[in-house]
Amino acid sequence: MSEMLASEQASKADTESETGVQTEQELILLCQQGARASFRLLYQRYQQRVRSTLYQLCGKSLLDDLVQEVFLRAWKGLPKLKTTKYFSTWLYRISWNVATDQRRKLARGKEKASFNEKYSDKERLNYDKDLFNAQDAPDLMHLHYQDLVQRGLNNLSFDHRCVLVLHDLEDLPQKQVAQILDIPVGTVKSRLFHARNSFKKFLEQQGISF
Amino acid sequence: MNNSHNDNQDNLISFLQRNQPIPPSAYPDLEQKIIDSLEPRSFRHRKYCKTLTWTIPSAIATGFLFTTVSMGVRTPRIAIEPKDLENFLVNNWQDTFNTHSTTFVEDSEADWLLPAVSESKQTVSVSSK
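The listed protein sequences correspond, in order, to chains S and Y.
Letter by letter, the first sequence follows residues 1 to 210 in my numbering.
Letter by letter, the second sequence follows residues 1 to 129 in my numbering.
Looking at chain Y on its own, in the form it has when it is part of the complex (with noise of 0.2 Å):
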């Protein structure tokens, strides 16, 4: 049974082989025509290419460390300690104080520069009552 539909296998295999169909001989100018319509190679498209590929990574790496020598490795400083966290707050407020005081100061400067007649009459206004 398997040999029988070995060997029609064959004769179906042989017989196609044997038969199959011819293609029409070619067109005579086809191969020239072929050749003709390569295009050509372009090398310089590829190095374009190649060059791009390795230019754009390599920019973007030296931007990089050029703005991380510049500009430092900034970690953010936590305050660890009470006594860290204690003294800033200290310092900024003493700041904000500070600052509070020269406007202060400078408004007593402003009232120190009035001239001095009117509290010395006041003063002996009050001494006179």
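Same shape as in the complex, but just chain S (with noise of 0.2 Å):
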């Protein structure tokens, strides 16, 4: 009977998210009971966020597998999350989870090249290239900047990144990142400080300073 409910409840919910507006905690709850088309909207809502976070801890190599394997941890966690109103809170966590997993992974060899190898034989090339291709264009400043705030974060230790992404790059408030992180706050704060003082030494080295 129940089950019956839950899958009319479901359908239901896959045709009324495609026209009405749905809060998150609906939408979360339609997914407990197994809603697809309202998963494909959560996903819609959060994906920028979960892709720039995740790209900023593990680069480019493999993104969409790690975001996919965000998504799909998530489908299949969401009937234990029990308040939904720290699902932003919950992803940002399995998104961790998923870039920590990565970077064993490369730590063990299980990759030929570590990421900062990649980044720096074939991403350098890449950017060398879109540098040179983009000689004339206005933003260039812009796209070096860019790569040193890429190169910076690859300089951190990758707890100090975490808390440096998730504070600084994604505006979370420290409390937040705690619970992200599972560490307490004072913790998140000195790692802040360190990351913080860390990447402006890289910068200075780099010839910017503030």
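Hints were generated in silico from the structure; no laboratory data involved.
Just so you know, not all the hints are guaranteed correct.
Some chain S residues near chain Y, calculated using beta-carbon distances under 10 Å [said to hold, decoys possible]:
hint, residue
1, Q33
2, F39
3, R51
4, Q68
5, D168
Ideal Cβ positions, reconstructed from N, Cα and C, are used throughout, including at glycine.
Fit the two chains together into the complex; they arrive one by one in their own frames, and the hints show the way.
Here you go:
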């Protein structure tokens, strides 16, 4: 009986979600009952944030696979999510887990080259190519700064990078960062302090000072 | 000093936000690929798990109740009064004795079944002496 009710609700949600605007909590509840269309809406709402976080933590390689992994884990884990208002924190936590797993894989040498090497070899070449092509473009400096930020992030330890990305780039409050990383707020503050200092030093070495 | 430090921090953060690396656009079919690879929710499995969770403890409880009712709650009886203990010992010893006496009686009965003639003969012989 409850199975039928759930599937009815899910199919109802499928038709509703095509037209009506639903709150996030409604979407999550429908996803918990198996509504794929509602999950598509959740994906559309969050994919940019997840993508950007993963890109800053893991780089370009396997980015699509990592995004897919995050959303598949989210779909699997959604029925167990009790407090729907923490969905965003929970999704960032999954992203962080996926990034950590990827980093471990790289460290174990499953991938033939580490991310930094890949970046320095392949992406650096692409970047130089972009720079060469965009020589007359007005946003040449912007491209250069973007490269510096990317390299600066790679220069940080993974723990420091995570805190800096979530707090300074994703603009999340320190309390939420602490919840995502499962560490005390004090540790977030301390890591943030050290990460910013390291980043500043790196930029100074590149000729940029504040 | 503190103000300049804060300004430096703000400048750094705004620099990072302005120039944060933009991820490359996703593979065009990624969204559909993700939706297609979602596993259907298994309500049956969850229902089965729930049923199993309730069935096992209730079966144990029923078994326990059944055993208690059918066998009764047995507590060992202890002879507190010396008189009870004495009675108990006497009865048990008597039982042992009774068992013994029964065999004795059986033996004697077996003897009794022997022909009485020889007995009488013996008697006679004794008396003749």
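To see whether the hints hold, each was checked on the structure:
{"no.": "1", "hint": "Q33", "in the structure": "holds, 7 Å"}
{"no.": "2", "hint": "F39", "in the structure": "holds, 7 Å"}
{"no.": "3", "hint": "R51", "in the structure": "holds, 5 Å"}
{"no.": "4", "hint": "Q68", "in the structure": "holds, 5 Å"}
{"no.": "5", "hint": "D168", "in the structure": "holds, 5 Å"}
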